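For chain R, the structure is supplied; the task is to place chain V on it using the hints.
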Amino acid sequence: MIDVNYSAGRLSFSHVLGRGFIYGCLIFCAVIYMMPFLIMLSTSVRPLAEIKSGTIIAFPREITFDAWTKAWGEACIGTKCSGLSSHFWISLKVVIPSVLVTTILGVLNGYALTKWKFRGANLVFGLMLLGCFVPFQAILLPMAQTLGVFGISNTPFGLALVLTLYGIPFSTLFFRNYYVSIPDDLVKAATIDGAGFFSTLWYIIVPLSPPIIVVNIIWQFTNMWNDFLFGASFSNGDGQPVIVALNNMVNTTTGVKEYNVDFAASIIAALPTILVYVVAGKYFIRGLTAGSVKG
Amino acid sequence: MATLNISDIRKSYGANVILNGINIDLEHGDFLVLLGPSGCGKSTLLNMIAGLESIDSGEVSIADRVVNRVHPKDRDIAMVFQSYALYPNMTVGKNITFGMQRRKIPKAEQEKALSHVAGLLQIENLLDRRPAQLSGGQRQRVAMGRALVRDPHVFLFDEPLSNLDAKLRGEMRTEIKRLHQRLGATIVYVTHDQVEAMTLATQVAVMKAGEIQQYGPPQEIYAKPANMFVAGFIGAPAMNFIPATVTVDDAGGYGLIIQQSDARGGDICLSLKDYETSDLSRYLGHEVILGLRPEDISRYIQNGAAAPDDIFTCQVDVVEPTGADTLITISLGGKAVTARFPPKHAGTAGDEIVVHFNMIEASLFDAKTQDRI
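Each protein sequence line maps, in turn, to chains R and V. Going by the numbering used here, the first sequence opens with residue 1, and the numbers climb by one from there. Going by the numbering used here, the second sequence opens with residue 1001, and the numbers climb by one from there.
So that you can see chain V by itself, here it is in the shape it has in the complex:
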């Protein structure tokens, strides 16, 4: 049974297209993250699932029931807002039970649900306070409590962590993950933070300009981005994009040539024998974009064994220590390329080092369409 099904949703304000044919299918217990830059339509999509915004065409069904024309309160959903939207005039307890009170649920049952949720979120001692007397993290908990107490079919989270400071955000992220594991609930979560998407999701939908660019498990989206937008949006520091030309080597295998402007070592040749798409004849002699994550560029240290393929010498431009890793900037094909080294490999700016490209993890993109090859 599909818990949430979205088929071909469209929405536009006048000539301004907000959503252009969205399809999503969620099973019970899925954690879907809608990820994208602001203005990509992710919040609009969430509001449509909630019933707070009208749908131009297409269908939303929750638990196999089409809810396009169902009032939000009857959709069996609960929502956590970015601003928390706690009722300022009510105590925490009243905030959490307001929905039940509106539904005329017996007082005893309300009390039971309230104490259960308060225990779950460890907010028992806050129930008599007003939202103004709470810290950001506490408000966040109360907002989640208001959603949890409903035990709905689908939870909707609208950028719930973006108003918290970095440390608290990390803690609450873990907490949401723990809650999801414990409750096994279905969650749709909107964010523009790719770290939240990677850590929380079982499915990620990367959106841009009202369309889903890629839909899949987070690791797949990270490792095999469908196009350059997804590749650039996921991961920090971002994936390196290096212009290169496809060639054939002596043995008939495909390879890449990166033109180096400075004379040192001349052009760089990389082997594509491990690349997922074996037939690259279409691109032979054409320019493509090589996408390589910073962690897939490592420093080659000679250790007596035979030197692997795909190594070459270059000069370190900038060294940025971040603690656990050190970010190195080198120049490749006329572009600044970032690599992530363990601090002991980092060296100093101006050093000549030998680097190794892990071509097994490489992505290739069509230079014109920007899609994955």
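The following block holds chain R by itself, in its conformation from the complex:
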């Protein structure tokens, strides 16, 4: 690696200037990038009166969390005024099992497709990959019919099923590509040691998988949590996930536009994905680049 702080000879004026320019650019980009979020954050803690009296871009003169409590428990969505909280729980109820199931199936698929190659394994993988490219809107009607036949329309379970189905191809892709880089000799050695399909998976493969499991969880969680189309199509009323509810809340007009409440609600809806990134982000980068460089 090149040590950028090291330079032979005296620190010249042009050197300092160049370094200053680089940091200036970086800070400028960081500010631009963070601006929308900072505006949302500051607006969400300002009283509505203050927002209306001035411009929308300003530091809060007075900090209040009324907007947050309103967004969480009182704001009106359609005709019902109980905030985002119940929808937030529905989202968790839909997303967490879906993430777990796609991860487990991804592990199984990736393992079977790489370490227990059967005739036509590549074709199966190719077909599964194709699933990544089926446009969402193309399956809306058939899926609605299918859910109806099974009697699970407008239920969290039905929505979770759709999200899981769409998640499996990506999970399979992730785990399959990761497991390709695990030497086959490990599985052979385990076979001779007397481990079968599942015990090899459990004792040898899974302990090597945390980086890719984290990648998969972040990817699936973010996608499923932020899903709007399926949520809007396959649920209604009280059963809507938080992202759909947020949209409806913002569109529900009761006289004045409450920017602070809308912004607080947006941040609440985005919080879990931000949290997942913060907690597991470093594994995400590591996992995405795993295997590309030795060591």
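One or more hints might be untrue.
To be clear about the criterion: a stretch of chain R counts as covered by chain V if any three or more of its residues have a C-beta under 8 angstroms from a C-beta of chain V, and this derived list gives those stretches [unchecked claim]:
#1 194 to 205
#2 265 to 277
Label pairs and their in silico Cβ distance ranges [said to hold, decoys possible]:
#3 R:PHE13 <-> V:GLU1171: 55 to 63 angstroms
#4 V:PRO1088 <-> R:ASN177: 53 to 61 angstroms
#5 R:ARG119 <-> V:GLU1361: 47 to 55 angstroms
#6 R:PHE21 <-> V:ASN1163: 27 to 35 angstroms
#7 R:PRO183 <-> V:ILE1257: 53 to 61 angstroms
#8 V:LEU1327 <-> R:VAL180: 41 to 49 angstroms
#9 R:ARG119 <-> V:ASN1163: 27 to 35 angstroms
#10 V:GLN1122 <-> R:GLY18: 42 to 50 angstroms
Bear in mind the hints are in silico, worked out from the structure with no lab data behind them. What you are looking at is a predicted structure, and each value in this text was computed from that prediction instead of being measured. Glycine is no exception: its CB is placed at the ideal position from the N, C-alpha and C atoms.
Using the frame of chain R, we list chain V on its own:
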């Protein structure tokens, strides 16, 4: 009782024939080396013995039991892989005992076997480390420990030393030999390194294109190679192949004539009176290939006694000192021929020297079939 018996094994992927009728018979305590260039099918054969690859036709039996349809874990074998295949997430101790743990062997017995093997391989102080914290040689030891702890009927080694540097490879080779002598185990060992084959084996099977070219003790394969492939594959520097013509001398004995293109001394005549095949009438007047190892060409130093047969004068082209020996290149029959001299006999490039061919060790090959005559 045959420990390992392989009869007429065949395997092909589509039209691509990998193994074409392999027969091997091993007694208890034999050390068989499967030797050949990459792609000759030696690793496939090993995997078939291990049960990791299916067999198209033929039979593999271990301890007089046909194991074609027996799961690898029930074949009473242990295998050491080229990549070592240590489980990265487990400590060295866990790596070694994983097989016993899977077989539900009591904990106390596992501990006993582990400490015995660790003592044998001198890895007691490594048992709590992970494979990533070990050096190449240590990993190699652990991989062998995992096999040894099983005390199986047959050990399988798949190019176990090819990932080590030259010095370590030599040490581990000695260690494997010592282990074999001490345990008296039956071992099948795959390698493309002819030095490993020569040093370790009690039996060598030289393979090419899915067939065994020659099967026998290493010294026999070295001294009497069955064909030009085996002759060229075993030994470094390789055996010299010199085109020659079979003739009859005045006394009725067979001899060889090597045509020298430069005029010095004219054609070279060599006597074949010591050659193993006495009747060469079939080849009379035809071209054959004379195979002579570098150490069988020596420098003739006049010492007052009568000059032996098979000496002639030639010019040194290249001199390559290697320390213990010096390699000399001379030109014979239009081919560059390598000789191995003691350094004091080497001389310098351009010298005229007299060399002696040790025809007792010579091999003759049919120029067309390349088989030994």
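Hints, verified against the model:
no.: 1; hint: 194 to 205; in the structure: holds (count 5)
no.: 2; hint: 265 to 277; in the structure: violated (count 0)
no.: 3; hint: R:PHE13 <-> V:GLU1171: 55 to 63 angstroms; in the structure: holds, 59 angstroms
no.: 4; hint: V:PRO1088 <-> R:ASN177: 53 to 61 angstroms; in the structure: violated, 18 angstroms
no.: 5; hint: R:ARG119 <-> V:GLU1361: 47 to 55 angstroms; in the structure: holds, 53 angstroms
no.: 6; hint: R:PHE21 <-> V:ASN1163: 27 to 35 angstroms; in the structure: violated, 49 angstroms
no.: 7; hint: R:PRO183 <-> V:ILE1257: 53 to 61 angstroms; in the structure: holds, 56 angstroms
no.: 8; hint: V:LEU1327 <-> R:VAL180: 41 to 49 angstroms; in the structure: holds, 45 angstroms
no.: 9; hint: R:ARG119 <-> V:ASN1163: 27 to 35 angstroms; in the structure: holds, 32 angstroms
no.: 10; hint: V:GLN1122 <-> R:GLY18: 42 to 50 angstroms; in the structure: violated, 57 angstroms
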